[in-house]
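Undergrad: Listed below are the residues making up each chain.
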Amino acid sequence: MTTALNTPVRLLPAAPEDLRAHLARYGPAPYRNQPGALIADVEASGLTGRGGAAFPVHRKLAAVARAGVRQGRTVVVANGAESEPASHKDELLLQFAPNLVLDGLQLAVEAVGATEAHLYLHRAPGPQILRALAERAARGLDRLAVTITQAPPRFLAGQETAVVNRLGGGPALPTFQPPRVSERGLGGAPTLVQNVETLAHLALIARYGPRWFRAVGTAAEPGSMLTTIYGPDGTAHVREAAIGTPLRALLADGAIDGADVGDGIQAWLVGGYHGTWLPMPGAAERTLDGKSGVLAALPSSRCGLTEAARVTRYLAAESAGQCGPCLNGLPRIAAALAELAGSGHRRQTLDDLKRWSGPQNLVEGRGACHHPDGTVRFVRSALVVFEPEISRHARGICSATDRRPFLPLPPGMPTREEDWT
Amino acid sequence: MAETLRVNPIQCSGHGVCAELLPELVTLDEWGYPVIDPGPVPPVLDRDARRAVSACPALALRLVSR
Amino acid sequence: MNTAFWYASRATGIVALLLLTAVLVLGILVNRQGRLPGLPRFAVTDLHRNLSLLSVAFIVVHVLTAVLDTYVHIPLASAVVPFASGYERLWLGLGAISLDIMLAMIVTSLLRGRLNRILWRAVHLLAYASWPVAFAHSIGSSKDLQQGWMLGLAVACAMIVAAAVIWRLAHAARQVPRARRVAAIFAQHRTGQVTR
Numbered sequence: 007m008t009t010a011l012n013t014p015v016r017l018l019p020a021a022p023e024d025l026r027a028h029l030a031r032y033g034p035a036p037y038r039n040q041p042g043a044l045i046a047d048v049e050a051s052g053l054t055g056r057g058g059a060a061f062p063v064h065r066k067l068a069a070v071a072r073a074g075v076r077q078g079r080t081v082v083v084a085n086g087a088e089s090e091p092a093s094h095k096d097e098l099l100l101q102f103a104p105n106l107v108l109d110g111l112q113l114a115v116e117a118v119g120a121t122e123a124h125l126y127l128h129r130a131p132g133p134q135i136l137r138a139l140a141e142r143a144a145r146g147l148d149r150l151a152v153t154i155t156q157a158p159p160r161f162l163a164g165q166e167t168a169v170v171n172r173l174g175g176g177p178a179l180p181t182f183q184p185p186r187v188s189e190r191g192l193g194g195a196p197t198l199v200q201n202v203e204t205l206a207h208l209a210l211i212a213r214y215g216p217r218w219f220r221a222v223g224t225a226a227e228p229g230s231m232l233t234t235i236y237g238p239d240g241t242a243h244v245r246e247a248a249i250g251t252p253l254r255a256l257l258a259d260g261a262i263d264g265a266d267v268g269d270g271i272q273a274w275l276v277g278g279y280h281g282t283w284l285p286m287p288g289a290a291e292r293t294l295d296g297k298s299g300v301l302a303a304l305p306s307s308r309c310g311l312t313e314a315a316r317v318t319r320y321l322a323a324e325s326a327g328q329c330g331p332c333l334n335g336l337p338r339i340a341a342a343l344a345e346l347a348g349s350g351h352r353r354q355t356l357d358d359l360k361r362w363s364g365p366q367n368l369v370e371g372r373g374a375c376h377h378p379d380g381t382v383r384f385v386r387s388a389l390v391v392f393e394p395e396i397s398r399h400a401r402g403i404c405s406a407t408d409r410r411p412f413l414p415l416p417p418g419m420p421t422r423e424e425d426w427t
Numbered sequence: 144m145a146e147t148l149r150v151n152p153i154q155c156s157g158h159g160v161c162a163e164l165l166p167e168l169v170t171l172d173e174w175g176y177p178v179i180d181p182g183p184v185p186p187v188l189d190r191d192a193r194r195a196v197s198a199c200p201a202l203a204l205r206l207v208s209r
Numbered sequence: 105m106n107t108a109f110w111y112a113s114r115a116t117g118i119v120a121l122l123l124l125t126a127v128l129v130l131g132i133l134v135n136r137q138g139r140l141p142g143l144p145r146f147a148v149t150d151l152h153r154n155l156s157l158l159s160v161a162f163i164v165v166h167v168l169t170a171v172l173d174t175y176v177h178i179p180l181a182s183a184v185v186p187f188a189s190g191y192e193r194l195w196l197g198l199g200a201i202s203l204d205i206m207l208a209m210i211v212t213s214l215l216r217g218r219l220n221r222i223l224w225r226a227v228h229l230l231a232y233a234s235w236p237v238a239f240a241h242s243i244g245s246s247k248d249l250q251q252g253w254m255l256g257l258a259v260a261c262a263m264i265v266a267a268a269v270i271w272r273l274a275h276a277a278r279q280v281p282r283a284r285r286v287a288a289i290f291a292q293h294r295t296g297q298v299t300r
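Chains as they are written, first to last, in the numbering used here: chain Z, 7 to 427; chain S, 144 to 209; chain P, 105 to 300.
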C-alpha cells in the first residue's frame with residue numbers, strides 16, 4: 007500500500023495489524039472513567055463524521071449521552087455498511103486496522119454510557135475483524151460484547167434510520183424522523199450510529215489529543231480522511247490525505263494519475279453517487295473535504311452522459327419506494343437521462359428532466375431520507391457538466407472512443423422484501 | 144409560537160385533502176403528493192392548518208413548533 | 105307511551121342500519137381516494153366521520169327507547185354487554201357486539217394521534233365484522249325487516265356493502281408490493297403510460 011507525497015499516515019498501517027502489533031504501536035485504549043472528558047476532547051478536535059454527512063461528532067455523542075441519562079440505556083453502532091458501491095475505504099480500514107475501529111467503538115460506548123454495541127457490515131465479517139474480536143475478548147479489553155450484523159447490499163442500507171431498522175429485525179429501509187435515532191433508536195433507546203472511520207479517528211484523538219488531530223487538515227474540518235480514488239484507468243485506490251488537499255496533489259500519486267492512459271481527464275465526480283460532477287481543469291483545484299470520500303476521474307475517452315445515466319438508473323432502482331416524490335421522480339429522471347444518452351431525444355424529455363431536478367423542490371427535500379436530494383444533486387451537476395455531450399447525442403453523435411462502463415455498479419435491482427434484509 | 148406544517152412522506156399516500164383545505168400553504172405535485180410551504184404558518188391560517196392536519200386520512204400531516 | 109318507544113326504537117334502528125351502510129361505503133371510498141360527484145375530496149372524509157357519529161347517536165336513541173319500553177324487559181347493560189338480555193338474547197347480543205366494536209373504532213379514531221398506527225388500523229378493520237353483525241342483529245330482531253319492501257331495503261344495503269367490499273379487495277389484490285413499486289414505474293415509462 008503506497009501512499010502519496012505529503013499525506014499523513016494515521017489510520018492505515020502498511021499491512022493488516024493484529025492485536026499484538028496494534029498494542030505495540032498504540033498501547034491500550036485509554037478509557038477515561040469520566041465520559042464527559044472524551045466528549046470535550048472530541049469537541050476540541052473538531053472531528054466530523056466520515057460517513058459522508060460530515061456532522062460534528064461531539065454533538066452526536068452529547069445528544070445520545072444526554073438522552074441516555076434520561077432513559078437509562080443507549081446503543082452504539084459502528085457503521086461499516088459502506089453502501090456506496092464505489093467506496094472501499096471502510097472495508098480496507100476494517101481489514102488493516104480493525105483494532106483502531108474497535109477501540110473507537112468501546113470508547114464511544116464509555117462516552118455515552120452504552121448498554122449495547124453493534125458492528126454493522128457490508129459483507130460477512132472478514133477474518134481480520136473476527137480475529138480482532140476474539141483476541142480482544144481473550145484479553146478482556148472490551149467493555150461490551152459486540153454483535154455483528156450484515157447489511158443487505160442496498161444503497162440505503164447504511165442510512166442511519168435504515169441501520170436501526172435493520173438491527174431491530176426489520177428491513178434496511180429508512181424511517182421518518184422525528185424522532186431522531188439519537189433520541190429514540192434501536193429498541194427505543196438513544197442510539198449512536200457512527201461510521202467506522204470516524205470511530206478510528208476517535209480512538210486516536212483519545213490517545214493523542216485534539217491538538218494532534220488538528221495538526222493537519224483545515225480549521226473548519228480538521229484531520230485526515232480516507233478517500234477512494236478512481237484513476238482514469240478505472241482502478242480504485244484508497245488513500246489517506248489531509249482535508250484541504252487539492253485534487254491535483256492526489257493525482258500526483260504515480261499509481262493514480264494514469265498518465266499512460268493517454269488522453270486527459272474530462273471531469274471529476276466528487277462525493278460518490280450523491281456527489282457532484284466538476285469539469286476540468288477547474289476541478290483539479292478543488293480541495294478534499296469531509297464529503298469527498300469517493301473521487302472518480304472520468305477520462306475524456308468515455309461518455310460522461312452515459313455514465314451519469316447508468317448511475318442514475320442504479321440510484322432510482324435503489325429507492326425504498328416509500329415516499330411518493332422519490333418513487334415517482336427518480337425512475338422518471340433515470341428514464342429521461344437514459345433517453346438523452348441514447349441517440350436523439352424528445353424536446354419534452356429535457357424539459358421534464360430540468361423540471362424534476364430543478365430548484366422547485368419537486369423531488370429534493372421531499373423524502374424521508376436524503377436519497378432523492380443526493381440523486382438530484384448528481385443529476386443536476388451532470389446536466390451542466392455534460393451539456394455539450396447532450397447536444398451531441400441529440401444530433402446522434404457520441405464523443406466517446408471507449409464504450410466500456412467506467413463507474414462501478416452492482417448488477418440487478420431489488421424486487422423482493424428479502425432483498426432489503 | 145411559530146409552527147410549521149410537515150408531512151411524513153412515508154405515511155402520505157397522496158389523498159390531497161390537505162391541499163384542498165389549505166391551498167395557501169399546500170399544492171399538489173404532478174403525482175398528487177403535497178408540496179408544503181416550509182415557512183411558519185401565518186396566525187390567520189392556524190385554524191385551517193389544524194383542520195387539514197385532523198382531516199388527513201393517513202394522519203401524515205402534523206404541525207411542529209420550531 | 106310504550107308504543108311510542110317501541111316505534112321509535114324500530115325506526116331509529118332502521119335508520120341506523122342505513123347510516124352504517126353509508127359509513128362503511130364512505131370509509132372504503134376514503135381508502136380508495138374516491139370522490140363523490142360534485143363534492144371536494146375532504147367531503148368524503150368528513151362525511152364518513154360525521155355520519156359515523158350520527159349513527160351512534162341514532163343507536164343510542166334506538167337502545168334507550170328499547171330499554172324504556174316496558175313491554176319487554178331489556179336491561180340497559182345489554183346494549184354493550186353481549187347476550188345479557190333475557191329477551192331475544194341472541195339477536196340483541198349481536199347488536200351489543202356490533203356496538204362495542206363501533207365504540208372502540210370511534211374512541212381509537214378520536215385518539216388517533218396518540219395511538220400506535222397498527223393498533224388503530226387493526227381496530228378500524230373490525231368494521232368489516234361490525235357491519236355484518238349489525239345486519240344480522242337487524243334482520244333477526246326486527247319483524248319489519250323480515251318482509252315486504254323493508255326486506256328489500258335491507259337486502260339492498262347488503263348488496264351495496266358486498267359490492268364495496270369486493271371493490272376494496274380487488275384493489276388490495278392489484279396493489280403493487282413496495283419492493284416492486286420502482287420496477288412498476290420503470291415499466292410504465294417504457295410503455296409510454298403516464299399515470300400516478
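If you are wondering where the hints come from, they were derived from the structure by calculation, not from laboratory data.
Don't take each hint at face value.
The calculated label-pair distances, taken between Cβ atoms and stated as ranges, are [unchecked claim]:
(1) S:156 x Z:218: 31 to 41 Å
(2) P:233 x Z:155: 37 to 47 Å
(3) Z:364 x P:281: 44 to 54 Å
Computed cross-link-like contacts, SDA-like style, restricted to lysine to any residue with a CA-CA straight-line distance of at most 20 Å [as the list claims (entries may be wrong)]:
(4) Z:360 x S:171
(5) Z:360 x S:172
(6) P:247 x P:281
(7) P:247 x P:106
(8) Z:360 x Z:394
(9) P:247 x P:136
(10) P:247 x P:112
(11) P:247 x P:108
(12) Z:360 x S:151
Far from chain Z by the CB rule (all over 10 Å, computed), these chain S residues [to be verified]:
(13) 146
(14) 152
(15) 157
(16) 173
(17) 175
(18) 184
(19) 185
(20) 198
Here the structure is a predicted model, which means the values were calculated and not measured.
Where is the CB? At the ideal position from N, CA and C, for every residue including glycine.
Undergrad: Would you list, in rising numerical order, the hints stated earlier that this structure does not obey?
TA: The structure conflicts with hints 1, 3, 6, 9, 12, 14, 15, 16 and 17, although it agrees with all the remaining ones.
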